[in-house]
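Based on the hints, put chain W in the right spot on chain R.
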Amino acid sequence: MNGTAMALPPSIWLHWLGLAPFAEFGFMQRALLGCLALSVSASPIGVFLMLRRMSLTGDAMAHGILPGAAVGYLLSGLSVGAMTLGGLMAGLVVAIGSGLVARSTVMREDTSLAAFYLISLAIGVLIVSWRGSNVDLLHVLFGTVLALNNDALWLMVGVASITLLGLAVLYRPLVLECLDPVFLRSVSCWSPVAHYGFLVLLVLNLVAGFHALGTLMAVGFLVLPAAAARFWVREITALLVLSSLFALLASVAGLLLSFHADLPTGPAIVLSLGALYLGSMFVGRQGLLCQRPSLQPHLKA
Amino acid sequence: MVHPIHLDNLTLGYERHPAVHHLSLTLAPGSLVGVVGPNGSGKSTLLKALARLLQPMQGQVHGLTGQRIAYLPQHSEIDRGFPIRVADLVAMGLWHEVGALGGLTRGQRRRCEDALQTVGLGEFGHRTLDTLSGGQFQRALFARLLLQDADLVLLDEPFAAVDTRTTQDLLAILSQWHRAGKTVLVVLHDLPQVMTHCPEALLLARSAVAFGSTHDVLTPVNLQRARRMTEAWDESAPVCQDAMAFPESPAPVSHREVMP
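Chains as they are written, first to last, in this note's numbering: chain R, 1 to 301; chain W, 302 to 561.
Check the hints yourself; a few may be wrong.
Examples of chain R residues toward chain W, derived with CB under 8 Å [stated by the list, open to error]:
hint: 1; residue: L51
hint: 2; residue: P173
hint: 3; residue: L179
hint: 4; residue: P181
hint: 5; residue: F183
hint: 6; residue: R185
hint: 7; residue: V187
hint: 8; residue: S188
hint: 9; residue: C189
hint: 10; residue: L248
No lab work stands behind these hints, which were simulated from the structure alone.
In this text the structure is predicted, and so the values were computed from the model without any measurement.
Ideal Cβ positions, reconstructed from N, Cα and C, are used throughout, including at glycine.
Next up, chain R with everything else stripped away, as it sits in the complex:
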């Protein structure tokens, strides 16, 4: 029996595992490749976002890129290059502008960011509504992960490469900036490099994620895998690896769910990430169930 099973061709295995769509359809392969790039790139950024207590900041900035993408759309239609460049510029204006306002006025950073992103979001929706149809608006807001073209894929792979390289250089200052910013400022000049470098990487990943999941859900790849992984591990390097693996796992599950149940793909992926988060919250090593004292007899002092 075992011998027969081992002799089966790979395509049968793929069918048996429900993975056949990835072998048969080019658009599923492209979607998977895009999600793989986002998993290795956006999830580690999400870990630092979570550790800096900036998860909602990431969400606000994801909304902030809309007017830039909309202006790109206005000038060049659904062009990856124009929308990316516009989104990048709008994201950086929101990130740096809100930071400057917070530093030079009485306004706190969270309120300043909320003001900037709301203005951005309203401008973006107005621009898209002015020239485009509801379909275009949905495209910008929710992305089109099953229709990623070569340009979008190159962008995502390029952003993933830049992010991994950037994190390799910024890793130690970034950890210190999250953990003990006063110490970093007292021993080096890396503090602003780590802060603004991280913001640039964040905006890049939001722009890459926006092509797959749209501006409203792009932050899903950042926040949910990191939050789910936090329930399992207690050390940052394990957190970075596990969050990427969770993102990839949820991407595969979401793409298959969308394919087999004929559901919109972006929400299916984000819901898969959400299910992973909720499951981890209960059964993770630091989740609700394992934290119950009755389940873990204590050791001798």
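Okay, now just chain W, sitting in the frame of chain R:
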């Protein structure tokens, strides 16, 4: 390289209100100085300026260039829930050797283990920060200070909320730094502790009430003078005329007079 540090007419503060007013003194190389004074007397502000984290409103600090400085703030801003091992926190003390990009050699890892051993945390390297008690956490920060191997060590109330045994162990490290010829400034509120462990003291009440040998500084008369300092934030205080008397100062920001 340990140099003397000269504070020259140093005025530090916030929004033109001085916290340290026209302070001039010289810290000899290798001195161990207890900084004492009432709350709001400018002790923490002075340490921040010496750590180069605060620009003077007026005056200068000479002698910091070329000195390696280690600074432990009063309420450490460290996020104790951060997912990092104690050994990795301590290894940050080797920043001056490895920088942002370098990896740790086997020898450097051994020095991290030795530093943990010295502060009594030999078995704690693999634990995460959230599992440490307050005292163990302070010991870990001292292990990091040991690795920084600084010429000038600045400690702001390092024994607040730490038990007697831990305090004694950490005071022994202070004495070790003193014997090694490092300049140490430590803010303390426990006057008997300053009397016992610090050969010199600086009594601050925005300006220096007294500076020198601890027994000469911590006299009842001086302490009474320091206690008279008020923490008032007087918005209508006049502009300090002394500030105008030093036009050569690199940062001649006009600031308000200190109310006695």
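Practice problem: Could you check the structure against the hints above and give me the numbers of any it violates, in ascending order? | Solution: 9 and 10
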